[in-house]
Amino acid sequence: MNGCDRYGTMVAARAFDALEPAEAQAFDAHLASCPACREALTACETLPILLDLAGGVDTQIPAPSPLLEASVVAGVGALSPPRRRRRSTPGRRTAPQRRPAHGSARRARRPALVLAAVLALLVLTGALIAGPLAGERQPAALRASVSVRMLGSGAEPGAAATATLRYRRWGTAVDLQVSHLAPTRGEEIYELWFVAPQGRLSAGTFTVGATGRAQVTLAAAAHPGHYRMLGITLEPDGIHPGRHGPNILRAPLPA
Amino acid sequence: MHGEADTVAALCGPEAQGAARALYRSYGAELYGFAVRRLGDPGLAEELVQDVFTRAWRHAGQYEPERATVRTWLYAIARNALIDAERRRGRRPPAASTESGAEAQAEAPDPDEPIERALLRHQIQLAIGALSPDHRQIIGLVHFHGLSLREVAELTHLPLGTVKSRLHYASASLRLALEEREVLG
Chain F
0 MNGCDRYGTM VAARAFDALE PAEAQAFDAH LASCPACREA LTACETLPIL LDLAGGVDTQ
60 IPAPSPLLEA SVVAGVGALS PPRRRRRSTP GRRTAPQRRP AHGSARRARR PALVLAAVLA
120 LLVLTGALIA GPLAGERQPA ALRASVSVRM LGSGAEPGAA ATATLRYRRW GTAVDLQVSH
180 LAPTRGEEIY ELWFVAPQGR LSAGTFTVGA TGRAQVTLAA AAHPGHYRML GITLEPDGIH
240 PGRHGPNILR APLPA
Chain A
0 MHGEADTVAA LCGPEAQGAA RALYRSYGAE LYGFAVRRLG DPGLAEELVQ DVFTRAWRHA
60 GQYEPERATV RTWLYAIARN ALIDAERRRG RRPPAASTES GAEAQAEAPD PDEPIERALL
120 RHQIQLAIGA LSPDHRQIIG LVHFHGLSLR EVAELTHLPL GTVKSRLHYA SASLRLALEE
180 REVLG
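Listed in order, the protein sequences are those of chains F and A.
Reminder that position 22 of the first sequence reads as 21 in numbering that gives the first Met the number 0, one-by-one numbering, no gaps.
Reminder that position 53 of the second sequence reads as 52 in numbering that gives the first Met the number 0, one-by-one numbering, no gaps.
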């Protein structure tokens, strides 16, 4: 209610032109002496205009696949983290920084360069000793990796692939090496899938050149034991993922 | 909303995946709904949503809560991602739909509609979708079917006073839903 006891509930009906002619006339006469109703009517009059833009009230919003959430979350975890930008506090200004003299800047930078070089060496040494998973601090159960050999389904004779699956908290990274695959043409792409009886999950796509070989790292929110097979399909039209192509390679996954 | 700004800030930290999940649960479905209507292809729409959240994560450190709500920020990212997707696609017509002809035509995206207008329409549709069925019904009868309150009362067998107050409350709810989506100030 807008504070007008007598006409307050008629405001919306007037804005939607739903009053009988006599009621509309009485309401309009009342407006001249009631600022509350005038203000409420002005606010209400935008509604019919906005509703016209919507085109109706029975608008079904399409829902995404339940797998999309996992895919979005995995996508965030699969890449290197973003850098946080320093944010200034509103209303507070920092004192202007004086630019150091050229010589002192160079002197100040030198120890930082030495430190960076030492750190880079330590990181490199650590990576060489402990392998590619050392820096990720995964629980023991998630540090495992598994290699599977993918065999041709007959669609492309001679095609072969090796997939190394690295299990992570967010899912699985797959280092894939393929050979003797037919080169992709036009919109064609190859797609790697985790397959389960209840459906399949894409781990990403790749193309193959004239050599028939490719080496890529793909990822999906697939957790150990949830999927039975790994498969590669040739998708005829990469722009429309709804159209699926034939199975080219496949391998059973460990339980 | 302050809590949502904190969630965006958490995208920069070790809890990035949890923050991404929380944001997705708030906005993922509606962004997907907008993308699938605009692009006319569920597969492309899913790719776009994935792209929006990856961009949000990459640029989370640049988000300034005092300048825009999380909703506005995410939709601005979606707008840019959509423009890129449409450029990549070369403004092709959408993929064939399995819907019946009339239905497909009613829902068919218009690639020439300005994206800002499409975004506004989507927000209004979301606001309508947030109304109760009774409120949606009375707004539909009065506005889209052009019935007077008296005609609605006859059609629904409700007292005229009930119809009048229902339209009043339906309008108030719609205004509120539009304000929540920043369509109305």
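Please keep in mind that the hints were generated in silico from the structure rather than gathered at the bench.
Note that beta-carbon positions come from the ideal geometry of N, C-alpha and C, so glycine has one too.
Hints are supplied without guarantee of correctness; some may be wrong.
Simulated DEER-style distance windows between Cβ atoms [claimed, not checked]:
(1) A/E63 with F/A42: 27 to 37 angstroms
(2) F/G211 with A/E179: 49 to 59 angstroms
(3) F/T161 with A/E181: 15 to 25 angstroms
(4) A/G60 with F/A23: 16 to 26 angstroms
(5) A/H156 with F/A31: 18 to 28 angstroms
Hint check:
A beta carbon spacing of about 30 angstroms between A/E63 and F/A42 agrees with the range 27 to 37 angstroms that was offered as a hint. A hinted range of 49 to 59 angstroms holds for the C-beta pair F/G211 and A/E179, which are about 55 angstroms apart. Take F/T161 and A/E181: their Cβ atoms lie about 51 angstroms apart, and the range 15 to 25 angstroms is violated. As the Cβ distance of A/G60 to F/A23 is approximately 56 angstroms, the hint placing it in 16 to 26 angstroms is violated.
A hinted range of 18 to 28 angstroms for the beta carbons of A/H156 and F/A31 is inconsistent with their spacing of about 36 angstroms.
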